[in-house]
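A.B. asks: Spelled out from the first residue to the last, the chains are:
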Amino acid sequence: MEETNCTNDLRQPVRMALGAGNLGLGIFLALVAIATLRARYLPVDLGVGLVATLLAASGAALLLRVGPAAVLARVASGVTLAVGLSIITGLIVSASYLRGIYGDLGRGASSMFLLVAFAVVPYLVVYPVVALALLRGRGGESGDGGAGGPARGVGK
Amino acid sequence: MTARTCPLCERLRRADVRHWGAAWAVVTVASSWLVGSWVSLEPADPPPAAEVRRTMDVLRAAAEGSGAPVAPAADGTTLHGPVRVVLWHDGMPVFRREFDATTMADLVARASKEIDDARSAGRFARVDMSRARLHLSFVVAEGPVLAWPPLAAAASFVTTLDGAALRVGDATVRLWPDDLLRRRLYSAFLPLPGGVMKAGLDVPRAVEALWAMAGHPDERRGVLRRFRTAEFVERPGGDPEPLVAGRVIEPPPGSVSDLRSAALEGVRWLDAAQRKDGPDAGRFDYDYDPISNGPFDAGYSLPRHGGAAWFLAFAHRKTGDAVAREAAGKALEYLAASAMRSCGQAPGECVGRERVVELGSAALAAVAMAEYERATGEGRFVEPLRRLIEFIEWMQEPSGDFVHLYDVEAHERLPDRLPYYTGEAALALVLAYRVTGERALLDRAHAALDHLTKRAWSFFGSAYFYGEEHWTCIAAHEAFPEIRDDAYLEFCEGFARFLREMQTAEGEPPFGWEGSYVVTPFLAPRTTAVAGRTEATVATYKLGLAMGRPNLVVLEQVRRSLTFLVRMRYGPEPSPLFARPGRAAGGMPGGLDDPVVRIDHVQHAGLALLGGADVLGDYVIEPP
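Going down the list, the sequences are from chains A and B. For the first sequence, this note's numbering gives the first residue as 52, with consecutive numbering after it. For the second sequence, this note's numbering gives the first residue as 3, with consecutive numbering after it.
Only chain B is shown next, with the shape it has when bound in the complex:
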């Protein structure tokens, strides 16, 4: 038998080729290991909570001048880095100092003396100590980062967890995580697709601030570093609360009643944000920035107003809460009286005063009115609902899809597309059917759902990813049993499966909380993305259950995300950085890097929590 050899293969097998290849592999593996080891942080254990509490007791005594400071009993604990001591009063730091103490005893001695000196100098004369809170930040790890190129530097700080430090000679100046948050330097560098959000630390601005803090020692070279902290805030009568990104993380839920309570706190927040009289009665304050204690965005979104009204009506239907009913009614009166109008030559009425009106505004107003009528049976919004539905029907195409924008003056349906609107319109038709019983609405909803789940999502590669389909799945569930289609459940379970690929597990770095949806650790988890998607997974589970195919994997997915939402919502005293903590309480921030509460954050979270409470029941909801 004759052996055949391949000259090309022989050449590739030559010793020098193998040696060069091996050398490259060794260099690559070794350098990647070295680089990874160089930048990874191994945080030290923070001091025990009991010792932090004793330290705070001593420092409070010094601040109040209520007796000679007493060193804590266990004072030998070694500190692994500098400690910052801040005394907050109504969101303002009335005392702030960093200490390079080596032990807790050393810290207590030096900090209490400085605080005592500050008190003696009259710095706390106007401070109401019952409202003031001590905040201790321990540096537990510090390490190098690339300061160049800017993109690498921006990605070198874990959003909301890492502080930025500049070492100049023997001195180090620091921007602590809450400093970076207050200066809005997190998630502020690289614009993301869509143009609304950014990622990465704004390192140029951070370095500029650090140089200013260092006193511009231009003759010396600064070295940029990152550091990790363990932080605690005083809690009257109890152990100190750990802080993350300057805020308290709430405990996970222990039962479904915790989920309902969290949702009802959202109802209270929306109710407090609603104007009760005047020309804008029923309108909400669109958002609230607890750090600046004022609004964040001057704009207003009518679709989000409708969404908030829907949540309030839904909360009333689910819990019987009277505040929710009252606030929902007022929000809908505002829509009917101030935002609905005749839309030129289009039939019915639309929502919005601009020349171009949006389908989503009308759809969510109709959803909210239908939900209110389902919950109360009052009948006062049935006629406005019918007029909105007339317009929505007119915006529907023969394919089942919808036109999203309408130019009232030109009487022209515009071709531009916006996210969510087709799903919102489908839900509006379904819920309107539930109120009016008009079968034609169901047929139109059927066509819309067929379009969304079949025709619009049938192309090469469509099995591998999904858009934001929460409205689609909510509508598919609401349409059951009159519209029963296995394809809808398959579509929504596919969407849930796609989302599970992004869902975090408990302890997963860098943030460590289960239930958020993130594709990369470069971005801090966002609450609305979790809440909206959980509305969809709740609807998917309910639909499967109703069709005799309950999917416990989806149920577990729901549990995880609701745990995340409960942890993220603002509790009664969410942060010492907030001037009016009570105004933020019950609200839902945009995320760890976005402290602003907006009406739709509360709406989506509330709907997810109440829907989740329906399906979780006796399911064990504690984290594993």
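Only chain A is shown next, with the shape it has when bound in the complex:
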């Protein structure tokens, strides 16, 4: 079986793409929190602030080829994924709670939950999963799952 060498070929593009992606997503999340959430609520502000800072810092590090960029990117993606999955879990549990209270969610509330879920999944679940996969070594070479292992496939 012949394996394509796309990983090696994409080292530079992957680094650039992840760098730009993380930086852009970090800025985007910060703007969303500042511009659309009028009320200040510490748990949300802290969570969004942490994720946005990690993503933006790791993105800048990847673009600037700073030494621990890959490690930082893995941490950022891991935290983003954890937050994203927590939000999805929270949405599902909240919907279940309200369904328990009312016996039915109604079309309006169901649509609202779906809209929020669809807004969250691409940025906070799919993107960090793909990023983690790209940052991870091929075939389990750095598959220890920890953030401290060397990331292959990302140029240093």
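Quick caveat, the hints were computed from the structure, so don't treat them as lab data. Fair warning: this is a prediction, and the values are worked out from it, not measured in the lab. Built from N, CA and C at the ideal position, the CB exists for glycine as well. A few of these clues could be false.
[Claimed, not checked] Listed below are several chain B residues computed to face chain A (Cβ distance under 7 Å; list not exhaustive): (1) S34; (2) V358; (3) P512.
[Stated by the list, open to error] Simulated restraints, written as ranges between beta carbons of each label pair: (4) A90(A) with P400(B): 52 to 58 Å; (5) R91(A) with A17(B): 55 to 61 Å; (6) H21(B) with A90(A): 34 to 40 Å.
[Stated by the list, open to error] Footprint (simulated), chain A over chain B, 3 or more residues, beta carbon under 8 Å: (7) 21-30; (8) 37-43; (9) 153-163; (10) 514-525.
Starting from the known structure of chain A, fit chain B onto it as the hints suggest.
C.D. replies: For chain B alone, kept in the frame of chain A given last:
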């Protein structure tokens, strides 16, 4: 052949990724199932009505002192929670006590003794027992809720169905659903877009009241809970009536004559609310709060006055009712004499004394005058109608749209927009044409309808939602056959289809009644939203029928909503909480969470009921 593999896909398929994903899914599904099960209520069956009646007979005997209380025959029925016994007299609770009885026999024994003691102590000396009503509330389910954060707590109580309880140590204090309603704690927490309505229980105020009832045991921790009740009120000579949100729900209609009767009860309510003499003769009492037995809002709306006059004139045209004609005439005289005026440099006359006058006030006054003239042919309002129409014509833009506000002093047509006014003005032009026969009015109405159904609603995404288009569809129907346009019917059927997505089916939780329009169970169904939209669906069906394309799906939609309206209107003895039940009778409340009757609630419901009676005919109108 060489197999190509994707390293990224390989990494995503790794065992540890699958395991983490599966673990997350299991945790999420399990926790959501646990949470849903934790809060859902499974109400027990309430005691049979016959047994409740026997219990009430015993308790009444104790209250009247008319003989030794006799235990009911079937007394072994198990009770699943506390029971509250209230004796209401003219809207005041003259006796109220909660019992942790285990069976009906236990309840009867304890409650009759307490009532007997109260009577012996002279507590009922000034109570006219023929007007007093016993009210029994059985707790049939109780469960936990989140008390924090406040938004979650506010959404944790089904509006008008759930009571709030605070468990402090071994004791539980309760605010029953009618307590929450009387304190205006339902639909009182989260402001909704538009700033007029709110959603959710005002939990902070409810908890404050519960702590006060518990005697402020600050050293102990309270646990907030919700509970569901089955409630009954005494009905002389019959089985007890079930109560929902403290009120009797009327039976669904059995025939179109029930629809007409309900509309004519609305006519009687408006007639009783109309001032018959003095400087404000013809003006209505704007609203009536049956719980406080007085007005709710000190303001007055001239568009709604015009709308009420329109309904009265319409009712006369449809039924020949003399009271409706008389009241409509007086309401229009009030408009002509007290509200119409020369509008500075604008032509014709407008309605309103303020510096800035509204198109809607003039439009609905014109609609009502035209309807009156159609119904009676008297001719006394033709001239005022012409003057109003002159002003309305002047407010129309070349596009067919209208300016909605006019600053009389500055002679300036203001750019601000208000809902409904363009549709109301279109209807005014159509109905004025029906009276005067002036073709130019029809052309202007045509332009307005083209604007409303084509240009104003043609943008990216316009196929997916609609505004409140009931005036548009009423005007489109009234303009037929002189103005015939397939686009109008398509627009109105699209609006009806959009509304059907929100229409409830019989038994649909949490409220269970068919025909209301709700987008979420967080909000209790409102009557005016149903009534106004049903006016539109009636007009849509009529227009389709006239164009040879009757739509039975729309007809069924109409039937469902009229059933809801008939159930919601106040009957002859609507609630033991009301000081003067007769004053509320025939009126239409704002909704389950809004007991106030307002003139436009009655107007919209009445127009929908009479229009629906026209189209339903022999169609089976009983609920499925």
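A.B. asks: It remains to establish, for every hint, whether it holds in the given structure.
C.D. replies: Hints, verified against the model:
no.	hint	result
1	S34	4 Å, holds
2	V358	31 Å, violated
3	P512	5 Å, holds
4	A90(A) with P400(B): 52 to 58 Å	45 Å, violated
5	R91(A) with A17(B): 55 to 61 Å	43 Å, violated
6	H21(B) with A90(A): 34 to 40 Å	38 Å, holds
7	21-30	holds (count 3)
8	37-43	holds (count 6)
9	153-163	holds (count 5)
10	514-525	holds (count 5)
Going through the hint list in order, the structure does not satisfy hints 2, 4, 5.
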